[in-house]
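S.K.: Sequences and hints are given; from them, build the entire structure.
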Amino acid sequence: DTGVSQDPRHKITKRGQNVTFRCDPISEHNRLYWYRQTLGQGPEFLTYFQNEAQLEKSRLLSDRFSAERPKGSFSTLEIQRTEQGDSAMYLCASSDDRKNIQYFGAGTRLSVL
Amino acid sequence: QKEVEQDPGPLSVPEGAIVSLNCTYSNSAFQYFMWYRQYSRKGPELLMYTYSSGNKEDGRFTAQVDKSSKYISLFIRDSQPSDSATYLCATWLSGGYNKLIFGAGTRLAVHP
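Sequences listed follow chains A and B, in order. Residue numbers for the first sequence follow our numbering, beginning at 1 and rising by one. Residue numbers for the second sequence follow our numbering, beginning at 1 and rising by one.
These aren't lab readings, by the way, just hints derived from the structure by calculation. One thing to keep in mind: the hints can contain errors.
Below 25 Å or equal to it, Euclidean Cα-Cα: the simulated DMTMM-like pairs (lysine to aspartate or glutamate) are [stated by the list, open to error]:
no., chain 1, residue 1, chain 2, residue 2
1, B, K42, B, D83
2, A, K99, B, E57
3, B, K42, A, E28
4, B, K56, B, E15
5, B, K2, A, D7
6, A, K99, B, D66
7, A, K99, B, D58
8, B, K2, A, D86
9, B, K42, A, E44
10, A, K57, A, E44
11, B, K42, A, E78
12, B, K56, A, D97
13, B, K70, B, E3
14, B, K42, A, D96
15, A, K11, A, D86
16, B, K56, B, D7
17, B, K56, A, D96
18, B, K42, A, D24
19, B, K42, A, D7
20, A, K14, A, E68
Keep in mind that this is a model prediction, so the values were computed, not measured.
M.R.: This is the structure we're talking about:
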């Protein structure tokens, strides 16, 4: 069990650029979640995958955001045409079906200049 | 009204103090409650996981749930400087996709 891994840890980009983040969940976990956390706030749910199926998306996930989990293993979160308001920590979590104990990665901190 | 309310602090205590961290929630259907600890620029780390009302103890940490008043607490005994972090309470609604609903977090500083 190597834990949830996220890459990169920090991304600095200019407004209007596209960015992509990767999450590798704990290997036996079939559930994968993305959350966004801004300064002074708790994480907010963005989207959920069970295996490769994306089953729920938050209203926070605008059309510029897309997430995939092509083979039910790692997941990617892409933000197109980034805006300054997208600056936040993007967290990935995974769990199995038995208990909803979600284990979080270290996050990707996005800074949009 | 947010579904989970948490005093953001900051809370500053001397080493060895007993710390009490609290959250309230609005939906009586919530049954599962968690406490996460988050160090600066790191991801949340699960501390305690409780179901329904009552107390659960793990070392220096005790989680308490009072469903009648929709109030959850985390107590830290003999606090240490290494406990300095942000503490997040969270809950989720069973029967759905189990997305966690977090409070805003309470920042705790334990000074030597």
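S.K.: All hints are to be evaluated individually against the structure, with a verdict given for each.
M.R.: Right, here's what the structure says about each hint:
Restraint check for K42(B) and D83(B): satisfied, since their Cα atoms lie roughly 14 Å apart, inside the 25 Å limit. Note on K99(A) and E57(B): the hinted pairing holds, with a Cα-Cα distance of about 19 Å set against a maximum of 25 Å. Of the pairs offered as hints, the one joining K42(B) and E28(A) holds, with about 23 Å between alpha carbons and a cut-off of 25 Å not exceeded. Distance hint between K56(B) and E15(B) is fulfilled; the C-alpha atoms sit about 23 Å from each other, no more than 25 Å.
As the CA atoms of K2(B) and D7(A) are separated by approximately 31 Å, the hinted pair breaks the 25 Å bound. In summary, the hint linking K99(A) to D66(B) is supported, as the alpha carbons are separated by about 22 Å, within the 25 Å threshold. Taking the CA atoms of K99(A) and D58(B), the gap is about 19 Å. The hint holds against a cut of 25 Å. Distance hint between K2(B) and D86(A) is fulfilled; the C-alpha atoms sit about 22 Å from each other, no more than 25 Å.
The hinted pair formed by K42(B) and E44(A) meets the criterion: a straight-line CA distance of about 16 Å does not exceed 25 Å. This hinted pair checks out: K57(A) and E44(A) have alpha carbons roughly 12 Å apart, not beyond 25 Å. At most 25 Å may separate the alpha-carbon atoms for a hinted pair to count; K42(B) and E78(A) meet this at roughly 21 Å. A hinted pair counts as satisfied when its Cα atoms are at most 25 Å apart, and K56(B) with D97(A) qualifies at roughly 23 Å.
Using a Cα cut-off of 25 Å, the hinted pair K70(B) and E3(B) holds, with the two alpha carbons roughly 11 Å apart. A hinted pair counts as satisfied when its Cα atoms are at most 25 Å apart, and K42(B) with D96(A) qualifies at roughly 22 Å. At most 25 Å may separate the alpha-carbon atoms for a hinted pair to count; K11(A) and D86(A) meet this at roughly 12 Å. Under the criterion of a C-alpha separation no larger than 25 Å, the hint pairing K56(B) with D7(B) is consistent with the structure, at around 22 Å.
With a CA separation close to 23 Å, the supplied pair K56(B) and D96(A) stays within the 25 Å bound. A hinted pair counts as satisfied when its Cα atoms are at most 25 Å apart, and K42(B) with D24(A) qualifies at roughly 16 Å. A hinted pair counts as satisfied when its Cα atoms are at most 25 Å apart, and K42(B) with D7(A) qualifies at roughly 13 Å. Restraint check for K14(A) and E68(A): satisfied, since their Cα atoms lie roughly 23 Å apart, inside the 25 Å limit.
Hint 5 alone, counting from the list given before, is not met by this structure.
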